[in-house]
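Q: Read off the chains here:
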Amino acid sequence: EAGVVQSPRYKIIEKKQPVAFWCNPISGHNTLYWYRQNLGQGPELLIRYENEEAVDDSQLPKDRFSAERLKGVDSTLKIQPAELGDSAVYLCASSLAGTGGEQYFGPGTRLTVT
Amino acid sequence: GENVEQHPSTLSVQEGDSAVIKCTYSDSASNYFPWYKQELGKRPQLIIDIRSNVGEKKDQRIAVTLNKTAKHFSLHITETQPEDSAVYFCAASRSGNTPLVFGKGTRLSVIA
Chain A
748 EAGVVQSPRY
758 KIIEKKQPVA
768 FWCNPISGHN
778 TLYWYRQNLG
788 QGPELLIRYE
798 NEEAVDDSQL
808 PKDRFSAERL
818 KGVDSTLKIQ
828 PAELGDSAVY
838 LCASSLAGTG
848 GEQYFGPGTR
858 LTVT
Chain B
280 GENVEQHPST
290 LSVQEGDSAV
300 IKCTYSDSAS
310 NYFPWYKQEL
320 GKRPQLIIDI
330 RSNVGEKKDQ
340 RIAVTLNKTA
350 KHFSLHITET
360 QPEDSAVYFC
370 AASRSGNTPL
380 VFGKGTRLSV
390 IA
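First to last, the protein sequences are chains A and B.
With the working numbering as the guide, the letters of the first sequence map in order to residues 748 to 861.
With the working numbering as the guide, the letters of the second sequence map in order to residues 280 to 391.
Please note: incorrect hints may appear among the correct ones.
Some chain A residues flagged as far from chain B (calculated, every beta-carbon gap over 10 Å) [to be verified]: (1) A749; (2) I759; (3) P765; (4) V766; (5) P808; (6) F812; (7) V820; (8) P828; (9) G832; (10) S834; (11) L858; (12) T861.
Which bits of chain B does chain A cover? Going by a derived footprint, with three or more residues having C-beta under 8 Å, they are [to be verified]: (13) 319-328; (14) 361-374; (15) 381-389.
The set of hints was computed from the structure by calculation and includes no laboratory data.
These figures come from a predicted structure and were not determined experimentally.
A virtual CB, placed ideally from N, CA and C, is assigned to each residue, including glycine.
Use the sequences and the hints to build the structure in full.
A: Okay, structure coming up:
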């Protein structure tokens, strides 16, 4: 079974530029999470989806961040415009409701904003 | 909201010795406590988890204990090996499908 897939793995952009990250969860997993991991820290939630509905986005900086999961499968996270402080690893995770909900992470996208 | 504290931030042990990492949490409604291992540049990998109806769980050289009254849980690794070297994160949530709140991580170094 394929794990959570993310692309790109690395991205370097200049500040004020837009950037987008893509995630494909484990097949059949209806819950999808985007976390941000700063260097030397644990992951912190940005947004959680149940199917195509965003059910927890209180930590998402909505002035510059947006996300979508149109068909309840893969998801895109966008930053526009990027700031220096957005440099981090963006992790996607997925889980299956009703099975205990263990969360499985993708490899992440390492974003560097210069 | 939930707050998870993790200690120590770094831990060095000799190969074959045991390692213990401790976490405390603040939300008494939390009932799911996973542990993740993250090697440099790689994804966090779930290595063991425990739920509030269980006090202890073991999987080969890894065990986790939970004390709900005191709101703390611990990871125990016995007979450590160099490949156990990584950053370990504890986390807590109200159920498996709700967002995890992570500790700040423990960098474990196993010295051969």
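Q: Find the nearest Cβ of chain B to the Cβ of T861 of chain A and say whether that gap is larger than 10 Å.
A: At roughly 20 Å from the nearest Cβ of chain B, T861 of chain A sits farther out than 10 Å, so the non-interface label holds.
Q: For A749 of chain A, which was marked as not at the interface, is the minimum beta-carbon distance to chain B over 10 Å?
A: holds (13 Å)
Q: Just double-check F812 of chain A for me: nearest Cβ-Cβ distance to chain B has to come out over 10 Å.
A: holds (16 Å)
Q: Taking the minimum C-beta separation from I759 of chain A to chain B, is that value above 10 Å?
A: holds (16 Å)
Q: Is the nearest CB of chain B more than 10 Å from the CB of V766 of chain A?
A: Given a closest Cβ separation of 20 Å, the condition holds.
Q: Grab the minimum beta-carbon distance between L858 of chain A and chain B and tell me whether it stays above 10 Å.
A: L858 of chain A clear of chain B: closest Cβ-Cβ about 14 Å, beyond 10 Å.
Q: Was V820 of chain A rightly flagged as not at the interface, with every chain B Cβ beyond 10 Å?
A: holds (17 Å)
Q: Cut-off 8 Å, C-beta pairs, minimum 3 residues; does the coverage of the region 381-389 of chain B by chain A stand?
A: holds (count 4)
Q: Hey, is P828 of chain A genuinely clear of chain B, shortest beta carbon separation above 10 Å?
A: holds (26 Å)
Q: If I take the minimum Cβ distance from S834 of chain A to any residue of chain B, is it greater than 10 Å?
A: Holds, because the least Cβ-Cβ distance between S834 of chain A and chain B comes to about 15 Å, which exceeds 10 Å.
Q: Take the region 361-374 of chain B, compare each residue's beta carbon with every beta carbon of chain A, and decide whether three or more fall closer than 8 Å.
A: Our answer is that it holds, as 3 residues pass the Cβ test (under 8 Å) against chain A, meeting three.
Q: Checking the smallest CB distance to chain B, is G832 of chain A really beyond 10 Å?
A: holds (18 Å)
The structure fails none of the hints (numbered hints given earlier).
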